[in-house]
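Here are the chains, one letter per residue:
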Amino acid sequence: MTTQRTHIMVCGGTGCVSADSLEIVEKFKGALSDAGYSDEVGVIKTGCFGFCGQGPIVKIHPDNVFYVKVSPDDVAEIVGEHIIKGRTVQRLLYQEPETQKKLPKHDEMSFYKKQYRIALRNCGLINPEDINEYIAFNGYEALGKALTEYTPDKVIEIMKASGLRGRGGGGFSTGLKWELTRKTVSDQKYVICNADEGDPGAFMDRSILEGDPHSVLEAMALAGYAIGAQEGIIYIRAEYPLAIKRLEVAIAQAREYGLLGKQIFETNFSFDIKIKLGAGAFVCGEETALIHSVEGNRGEPTKKPPYPAVEGYNRKPTVVNNVETLANVAPIILKGAEWFSSIGTEKSKGTKVFALAGKVNNVGLVEVPMGTTLREIIYDIGGGIIGGKKFKAVQTGGPSGGVITTLDLDTPIDYESLRAIGSMMGSGGMIVMDEDDCMVNIAKFYLEFTQDESCGKCTPCRLGTKRMFEILDKITKGEGTMDDITKLRTLGKTVKESALCGLGQTAPNPILSTLEYFYDEYLAHIQDKRCPAGACKALAKYKIIEEKCIGCTACARVCPVSCISGAPKQKHVIDEEKCIACGACYTACKFQAVLRP
Amino acid sequence: MAVKTLEELKRIREEQIRKVKLRESGESDDQTIEILVGMATCGIAAGSREVLNEFVALITQNGIEHIKVVQVGCMGYCHSEPTVQVNMPGHEPTIYGNVDKAFVSDILEKHIKDGQILDDHVLIKTYHSAL
Chain A
1 MTTQRTHIMV
11 CGGTGCVSAD
21 SLEIVEKFKG
31 ALSDAGYSDE
41 VGVIKTGCFG
51 FCGQGPIVKI
61 HPDNVFYVKV
71 SPDDVAEIVG
81 EHIIKGRTVQ
91 RLLYQEPETQ
101 KKLPKHDEMS
111 FYKKQYRIAL
121 RNCGLINPED
131 INEYIAFNGY
141 EALGKALTEY
151 TPDKVIEIMK
161 ASGLRGRGGG
171 GFSTGLKWEL
181 TRKTVSDQKY
191 VICNADEGDP
201 GAFMDRSILE
211 GDPHSVLEAM
221 ALAGYAIGAQ
231 EGIIYIRAEY
241 PLAIKRLEVA
251 IAQAREYGLL
261 GKQIFETNFS
271 FDIKIKLGAG
281 AFVCGEETAL
291 IHSVEGNRGE
301 PTKKPPYPAV
311 EGYNRKPTVV
321 NNVETLANVA
331 PIILKGAEWF
341 SSIGTEKSKG
351 TKVFALAGKV
361 NNVGLVEVPM
371 GTTLREIIYD
381 IGGGIIGGKK
391 FKAVQTGGPS
401 GGVITTLDLD
411 TPIDYESLRA
421 IGSMMGSGGM
431 IVMDEDDCMV
441 NIAKFYLEFT
451 QDESCGKCTP
461 CRLGTKRMFE
471 ILDKITKGEG
481 TMDDITKLRT
491 LGKTVKESAL
501 CGLGQTAPNP
511 ILSTLEYFYD
521 EYLAHIQDKR
531 CPAGACKALA
541 KYKIIEEKCI
551 GCTACARVCP
561 VSCISGAPKQ
571 KHVIDEEKCI
581 ACGACYTACK
591 FQAVLRP
Chain B
1 MAVKTLEELK
11 RIREEQIRKV
21 KLRESGESDD
31 QTIEILVGMA
41 TCGIAAGSRE
51 VLNEFVALIT
61 QNGIEHIKVV
71 QVGCMGYCHS
81 EPTVQVNMPG
91 HEPTIYGNVD
101 KAFVSDILEK
111 HIKDGQILDD
121 HVLIKTYHSA
131 L
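In order, the protein sequence lines correspond to chains A and B.
For the first sequence, the numbering used here assigns the number 1 to the initial residue and increments by one for each residue that follows.
For the second sequence, the numbering used here assigns the number 1 to the initial residue and increments by one for each residue that follows.
Next up, chain A with everything else stripped away, as it sits in the complex (with noise of 0.2 Å):
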């Protein structure tokens, strides 16, 4: 494919296409090739913006231009004025409507300055210590408003209609969790919180605890209402004393105003919560394996079905929610399904929190509607790469996921779209990696982790993730040969669809998708053995040129196992034998005579 100087983006969110966004990249494609610029500007159809209210949207890259209500006949001006000859039009740009100003720009829009923060929405704005704060901003009228006049079957209506999915990672839908939860007859039944976020990078349910807990006890009592349940639990890992800290100020304060406890709100709906601490394993974010040890036993998960709405804690049917999911929940009470469903793309609704980290600048938490693109996640919210440096990949999914590569920067977010690039959702960390990242390397600490994670009640959990491991130990070693590739083709394969539960069925992930996306870095491990982004130690080999070495002996002085040799004024040699590729003569150079690998 030739280089392309310009992208023009088409909105093809369900709301845009309903308003004839498929004719205009088709007029774009006949307009482009009768000016003769096929091949050198891009027609792309993308999802949806969030901005449906001024759609059809079409956005120029690089040049950053957002037009709104574009309809197929302004087609040929912006082809004409802006593609030809550089001029923005002006009468498509967005109007802020406080000011009247005109702004060519997305990122100058409030809209997007704003992100958009449902489940965030206290998050640095209130004291999480105290109760009124968090009612001053609306806090408790959903549950008010449910109890005193909502039945229990039109909350589940409402959550159903609002589109909401579970955030933690399946993608199951809230409301209809809650029905069947409801449907179960039983005397007793369970509210569980999974805040026991695992995912190497992710923070963000700790984010909301810590910031906003009164609005995950809210939720739960909600969700209480709505299924026939009178307690709640709260499954924390110990590893956030703070996030547990705020919570049980927050407990107290919710009891102490009668928001929690008997007959809330005069009515005959009595609800409590406890906390439980676990011990922060990986697969305990499990549901089953979550129930078992709350129960107090072994964190190990047990097959579906029966599923835990049936038969969950205690054996009783049992709700299991994680943190942003019910953090989600009492603005849909309060605002409408409507509201809600507005919001993001066809088949997943509303916003997702991202905890973004890696090599990007603006490190942090993240809440855009479903459908924004990674680029506008990385280079707009993100501020781009650390170091100007090339974007390599940004992995989703934690350990469940895979990678993205620069190929599929401009592909909306959601659930679906997401799977079908091979990654998940996952809980939403997201981890920027450059050039220096090796994704071999990768790919192992992923699966070092979740080796070490399996709770090897399964053989192909428990044997799979450790073999993977050090098939993948042996190739960034150098070690590597052909045979290998296939064996972990093979062995991801089998272990994603024997695997008993999700840990193990996702596993695999990252490795098969770095082998899709980066084969050719498996290739330069095992063929030339050489790791072509240098991170790999055992293949770092560095080198220095003897043309531009000028003796200054600068680097013979960093090196921390002396393996650089020669005198003042002559060239330098290092001792590949000794040297352990800390990089330290590379950084000391002044003339840039050390090759990095």
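It is possible that part of the hints are untrue.
With a cut-off of at most 27 Å between alpha-carbon atoms, the simulated DSS-like pairs for lysine-lysine come out as follows [as the list claims (entries may be wrong)]:
no., chain 1, residue 1, chain 2, residue 2
1, A, LYS274, B, LYS4
2, A, LYS335, B, LYS10
3, A, LYS262, B, LYS4
4, B, LYS19, A, LYS145
5, B, LYS4, A, LYS154
6, A, LYS245, B, LYS19
7, B, LYS19, A, LYS335
8, A, LYS493, A, LYS457
9, B, LYS10, A, LYS262
10, B, LYS10, A, LYS154
11, A, LYS262, A, LYS316
12, B, LYS4, A, LYS145
13, B, LYS101, A, LYS245
14, A, LYS245, B, LYS68
15, A, LYS541, A, LYS590
16, A, LYS477, A, LYS543
17, A, LYS145, B, LYS10
18, B, LYS4, B, LYS19
19, A, LYS335, A, LYS145
20, A, LYS541, A, LYS474
21, A, LYS548, A, LYS529
22, B, LYS4, A, LYS335
Going by beta-carbon spacing under 8 Å, a handful of chain A positions derived as facing chain B [unchecked claim]:
no., residue
23, PRO128
24, GLY144
25, LYS145
These are computed hints drawn from the structure, not numbers from a lab.
Quantities reported herein were computed from a predicted structural model and do not represent experimental measurements.
All C-beta atoms in this analysis are idealised placements derived from N, C-alpha and C, irrespective of residue type, glycine included.
Fit chain B to the known structure of chain A by using the hints.
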């Protein structure tokens, strides 16, 4: 005190909203200035507890009135912790990043007393705290 009805809850909200509306609209009935310090794990690890203590110490020491320090959760700017948001009645909030003990007195002296925005540390200046 128990909240028995939705009306009672709404009454509490009306009372409380006066105390916090500064954060959303820049309005305040009693002209109190608010300093929000991000006190999630990320902030604390980067030293926000020292920053919070320094604010309290300096405010007491200098007898500054009409000011309150509030600890809040993660504002999302983990890359620039500790973060501090200054809300002054009639102004858009300012969020400062990479705040250390030494900078606390600058905020109190220059920003709050003289109304000077300290550009070097400004992360964002808007009501919409997320970016």
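Hint check:
{"no.": "1", "hint": "A:LYS274 x B:LYS4", "verdict": "holds, 22 Å"}
{"no.": "2", "hint": "A:LYS335 x B:LYS10", "verdict": "holds, 16 Å"}
{"no.": "3", "hint": "A:LYS262 x B:LYS4", "verdict": "holds, 11 Å"}
{"no.": "4", "hint": "B:LYS19 x A:LYS145", "verdict": "holds, 24 Å"}
{"no.": "5", "hint": "B:LYS4 x A:LYS154", "verdict": "holds, 22 Å"}
{"no.": "6", "hint": "A:LYS245 x B:LYS19", "verdict": "holds, 25 Å"}
{"no.": "7", "hint": "B:LYS19 x A:LYS335", "verdict": "holds, 24 Å"}
{"no.": "8", "hint": "A:LYS493 x A:LYS457", "verdict": "holds, 19 Å"}
{"no.": "9", "hint": "B:LYS10 x A:LYS262", "verdict": "holds, 20 Å"}
{"no.": "10", "hint": "B:LYS10 x A:LYS154", "verdict": "holds, 23 Å"}
{"no.": "11", "hint": "A:LYS262 x A:LYS316", "verdict": "holds, 21 Å"}
{"no.": "12", "hint": "B:LYS4 x A:LYS145", "verdict": "holds, 12 Å"}
{"no.": "13", "hint": "B:LYS101 x A:LYS245", "verdict": "holds, 26 Å"}
{"no.": "14", "hint": "A:LYS245 x B:LYS68", "verdict": "holds, 23 Å"}
{"no.": "15", "hint": "A:LYS541 x A:LYS590", "verdict": "holds, 19 Å"}
{"no.": "16", "hint": "A:LYS477 x A:LYS543", "verdict": "holds, 19 Å"}
{"no.": "17", "hint": "A:LYS145 x B:LYS10", "verdict": "holds, 11 Å"}
{"no.": "18", "hint": "B:LYS4 x B:LYS19", "verdict": "holds, 23 Å"}
{"no.": "19", "hint": "A:LYS335 x A:LYS145", "verdict": "holds, 11 Å"}
{"no.": "20", "hint": "A:LYS541 x A:LYS474", "verdict": "holds, 17 Å"}
{"no.": "21", "hint": "A:LYS548 x A:LYS529", "verdict": "holds, 26 Å"}
{"no.": "22", "hint": "B:LYS4 x A:LYS335", "verdict": "holds, 23 Å"}
{"no.": "23", "hint": "PRO128", "verdict": "holds, 5 Å"}
{"no.": "24", "hint": "GLY144", "verdict": "holds, 4 Å"}
{"no.": "25", "hint": "LYS145", "verdict": "holds, 7 Å"}
Of the hints listed earlier, there is not a single one the structure fails to meet.
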